[in-house]
Amino acid sequence: AQSVTQLGSHVSVSEGALVLLRCNYSSSVPPYLFWYVQYPNQGLQLLLKYTSAATLVKGINGFEAEFKKSETSFHLTKPSAHMSDAAEYFCAVSGGNQGGKLIFGQGTELSVKP
Amino acid sequence: NAGVTQTPKFQVLKTGQSMTLQCAQDMNHNSMYWYRQDPGMGLRLIYYSASEGTTDKGEVPNGYNVSRLNKREFSLRLESAAPSQTSVYFCASSEVGGRVGKLFFGSGTQLSVL
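Line by line, the protein sequences give chains A and B. To get the working numbering, take the position in the first sequence, counting from 1, and add 40. To get the working numbering, take the position in the second sequence, counting from 1, and add 6.
Just so you know, the hints here were simulated from the structure itself, not pulled from any lab data. Source: prediction; values computed, not measured. Every clue listed holds true.
A few chain B residues that face chain A, going by a derived Cβ cut-off under 7 Å, partial list only:
(1) Gly46
(2) Gly48
(3) Tyr54
(4) Phe96
Just so you know, even glycine gets a beta-carbon here, dropped at the ideal spot from N, CA and C.
Please construct the entire structure, taking both the sequences and the accompanying hints into account.
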């Protein structure tokens, strides 16, 4: 079975500060990993995905994530937070004979202070 | 460019009532999904359809039924609504399955069961 754990349901940073959102996964097969973002009153949209090509993945809006197999982690980072980054972020995993479905983490709400 | 369209956006039901949530996508995607989103629990998969003519249970299928009417449409039915089904429901679609493709989400249906 696959699962994802996001550490911290709420993260608050100052504008211009580093953003670090943590995600650990469990998978019995090589995983595909995703980060999605949800802005208020909207559906989710894909930020970036890891599909075994490169361990450092770059996404939209300056976000990136690094796949670390030894730590079973896929943390999301952005060097400098912007007010527009305030949203909820979800880590998700897919893999094996799962019919293509994603298993999502609990979500981390990011607040950005001016 | 509509993408994934869900109707209705809001609904209030009384316990025991039934209703169908409608979802349609115009991207010619093979796979479609229904998720529910609850605070602190992330998104949980209710049902999915890997391709036209097939449906499978996800993590939380009890109390729901689905119909893949054609390639475009995937509906979710609550036969006898319960307060535990109060949630935000999201429909999503993907081209080749979530493992390698990306999910496109609708804007959600906020359902309250009294």
